[in-house]
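A.B. asks: Take a look at the letters that make up each chain.
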Amino acid sequence: MLERLLIISAILFVIGLYGVLSRKHIISILMSAEIMFNAANLALVAFSRYTIPASYRIPSTSLSPEHLLLSGQTFAVFVIVIAAAEVALGLALIIAIARRNETSEITNLSLMKG
Amino acid sequence: MLDNTFSEIVFWILATLSISSAILVIYLKSVFRSALMLLLSFVGVAGIFAMINAEFLAIVQVLIYGGGITVLIIFAIMMTQNVNQGNQGNHLQIIALFSTASILSILTYSIIQAQWDILPNDLPDPIVNVFINSPTYIGKLLLNEFVLAFEIAGIVLLAAIVGALSLVRDD
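Residue numbers (this note's numbering), protein chains in the order written: chain A, -6 to 107; chain B, 13 to 183.
Hints are computed from structural coordinates only; laboratory data are not their basis.
Don't be surprised by glycine CBs; every beta carbon is placed ideally from N, CA and C.
Take every hint as true, because none was put in to throw you off.
Listed next, the in silico DSSO-like pairs over lysine-lysine satisfying Cα-Cα at most 30 Å (straight line):
| hint | chain 1 | residue 1 | chain 2 | residue 2 |
| --- | --- | --- | --- | --- |
| 1 | A | Lys17 | A | Lys106 |
| 2 | A | Lys106 | B | Lys41 |
| 3 | B | Lys41 | A | Lys17 |
Some chain A residues flagged as far from chain B (calculated, every beta-carbon gap over 12 Å):
| hint | residue |
| --- | --- |
| 4 | Leu104 |
| 5 | Met105 |
| 6 | Lys106 |
All chains, please: the whole structure from these sequences, using the hints.
C.D. replies: Written out as structure tokens, the structure reads:
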């Protein structure tokens, strides 16, 4: 079961990576980055559900069971928060670029190209 | 819990839904349609979350990704000009295809080869209790062990709002 979830997550991650590398439209690239965030979340949740944390085996551990079992899900909540902040900033940047340069293709943005 | 044939079928339907709509996000010509496909992919992943005892995350996923991020992306698509020229590939397509395919094969090989330390199928009662009441425990974790990260996440969101407003301001 863990392997299945991890392979689905790897496929989603690779689809997102291909989109980031091969698309021209800025919003497409942002959406592909969102797919990659989602894949990382899926892997985090799968690990926290199906694997035993190493510290669980130590008898004198001070961590509670919910800390061991749910810290992956809590981490995924933080990833979602960061993804939301990233989308808000990215879309603001895209709108500012589209206003100034009348373009939404990444190949036309060569101001900082050196 | 995945224990019978029905939940296997549902799981594979959700997996195919999320992966195929993620592929359509990349390959559809219209950016607007690929935003809608992105919503479908998020919903599929939310269903997978719900199947592996992460109900709280499934709800958060539908609320934030489905209700917030997709709507923001559709707004941005409508506010930028020349949307109609579509979603084209750049000149790196073939290199990108080969490199991502090799990354996928390396990842798949290492996932299959690794010896995972998997939780047993018949979970003891305290663990089952933690998974059943996961929203309560996630809330307690957020305000006890991870309280610093929680506060910093609030500051990050505030900075993102202020930054987004100052970027799109008319001056």
